[in-house]
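Novice: Chain by chain, the residues run as shown.
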Amino acid sequence: GAGVSQSPRYKVAKRGQDVALRCDPISGHVSLFWYQQALGQGPEFLTYFQNEAQLDKSGLPSDRFFAERPEGSVSTLKIQRTQQEDSAVYLCASSRQVAGGPSEQFFGPGTRLTVL
Amino acid sequence: GNSVTQMEGPVTLSEEAFLTINCTYTATGYPSLFWYVQYPGEGLQLLLKATKADDKGSNKGFEATYRKETTSFHLEKGSVQVSDSAVYFCALSYYSNYQLIWGAGTKLIIKP
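Residue numbers (the numbering used here), protein chains in the order written: chain A, 1 to 116; chain B, 1 to 112.
For the record, the hints were derived by calculation from the structure and aren't laboratory data.
Just so you know, even glycine gets a beta-carbon here, dropped at the ideal spot from N, CA and C.
Don't take each hint at face value.
[Unchecked claim] Ranges of calculated distance between the beta carbons of each label pair, as one might list FRET restraints:
id, chain 1, residue 1, chain 2, residue 2, range
1, B, 29, A, 15, 30 to 36 Å
2, B, 20, A, 8, 36 to 42 Å
3, B, 3, A, 64, 22 to 28 Å
4, A, 84, B, 10, 26 to 32 Å
5, B, 53, A, 72, 34 to 40 Å
6, A, 28, B, 42, 37 to 43 Å
7, B, 14, A, 116, 38 to 44 Å
8, A, 74, B, 26, 34 to 40 Å
9, B, 82, A, 71, 42 to 48 Å
10, A, 8, B, 76, 34 to 40 Å
11, A, 8, B, 26, 25 to 31 Å
Work out the full structure: start from the sequences and follow the hints.
Specialist: And the structure:
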C-alpha cells in the first residue's frame with residue numbers, strides 16, 4: 001500500500017474491556033514494530049516481528065498485552081482487561097529490511113486509546 | 001542504559017530565524033542516530049539520520065552532525081518556515097532496523 005495504516009484511529013474503552021488494534025504495514029515490508037506513546041513523551045518499544053515471527057516482546061508492559069502477525073503482513077495488538085494506564089497512542093511501524101544497516105521505519109498515524 | 005535527551009519545548013521562533021534543537025545521548029559503542037518529525041495530525045516520518053561519527057545527515061534544509069566526542073546530534077536549520085512547525089524527535093538505534101530509543105520530543109512553533 002501507499003503507507004502504513006492503522007485502525008481504528010480512535011478507541012474509547014471502558015476499564016476491563018478487551019481491545020484489538022490493527023496495523024497494515026507497507027506491502028513487502030519484513031519488519032514490523034509496535035510502540036506505545038504517552039502524552040508528551042517519545043514512543044516506547046513494545047514488540048518486533050520479522051515476518052510472522054515475534055522476535056522481541058520485551059517491551060510489552062504486562063501479560064494483558066498480546067501481539068500477532070500470523071501471515072507476516074497485517075498485525076494485531078490486543079489488550080485484555082484494559083486499565084486506565086493503558087491510555088496512550090499506539091504506533092505501528094514497518095521496515096523493508098531485516099538487518100544490514102540502519103533502515104528507515106515507516107510509521108502509521110497511530111491509534112489513540114482512551115480507557116475510561 | 002541507553003537514553004536520549006532533548007531540549008524541552010516548546011521552542012517558539014519567528015519565521016526565517018535560525019533553529020537549534022539539542023539532542024544528546026547515552027550509549028556504548030556506535031549507535032545510529034535519527035531525527036524524526038511529526039507534523040500535526042500526521043504520523044512520524046524520518047527527517048534525517050547519521051550512522052557513524054562525523055557523519056552529517058541533511059534533508060529539507062535541516063542538518064545534524066554525529067558528534068561522538070560530545071555524544072550529541074543537534075538539529076539545525078538556517079531559516080525556518082511556518083510549515084516547519086511540528087514535534088521533532090531524536091532517536092538512536094544499535095541494531096539495524098531495531099528498537100529505536102527515543103527522546104521525549106521537542107515541539108517547534110514558528111510564528112509568521
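Novice: If I claimed the Cβ atoms of residue 29 of chain B and residue 15 of chain A lie 30 to 36 Å apart, would that claim hold in this structure?
Specialist: violated, 42 Å
Novice: Just to be sure I understand the hint, the distance between the Cβ atoms of residue 84 of chain A and residue 10 of chain B should be within 26 to 32 Å; is that true here?
Specialist: The hinted range 26 to 32 Å holds for residue 84 of chain A and residue 10 of chain B, with Cβ atoms some 27 Å apart.
Novice: For residue 28 of chain A and residue 42 of chain B, compare the CB-CB distance with the range 37 to 43 Å and indicate the outcome.
Specialist: Hint violated: Cβ distance 23 Å, outside 37 to 43 Å.
Novice: Within 22 to 28 Å: is that where the Cβ-Cβ distance between residue 3 of chain B and residue 64 of chain A falls?
Specialist: 27 Å Cβ-Cβ, so the 22 to 28 Å window holds.
Novice: I want to verify a distance hint. Is the separation of the beta carbons of residue 53 of chain B and residue 72 of chain A within 34 to 40 Å?
Specialist: Holds, at about 36 Å.
Novice: Evaluate the given range 25 to 31 Å for the C-beta pair formed by residue 8 of chain A and residue 26 of chain B.
Specialist: Given range 25 to 31 Å: violated, Cβ gap about 37 Å.
Novice: Taking the CB of residue 74 of chain A and the CB of residue 26 of chain B, does the distance hold inside 34 to 40 Å?
Specialist: The hint (34 to 40 Å, Cβ to Cβ) holds, given that residue 74 of chain A and residue 26 of chain B are roughly 36 Å apart.
Novice: Does the Cβ-Cβ separation between residue 8 of chain A and residue 76 of chain B fall within 34 to 40 Å?
Specialist: Holds, at about 38 Å.
Novice: Is it true that the C-beta distance of residue 82 of chain B to residue 71 of chain A lies inside 42 to 48 Å, as the hint says?
Specialist: Given a distance of about 44 Å, which is inside 42 to 48 Å, the answer is holds.
Novice: Mind checking the hinted window 36 to 42 Å against the Cβ distance between residue 20 of chain B and residue 8 of chain A?
Specialist: holds, 38 Å
Novice: Does the Cβ pair residue 14 of chain B, residue 116 of chain A satisfy 38 to 44 Å?
Specialist: holds, 41 Å
Hint check: violations occur at hints 1, 6 and 11; the rest are consistent with the structure.
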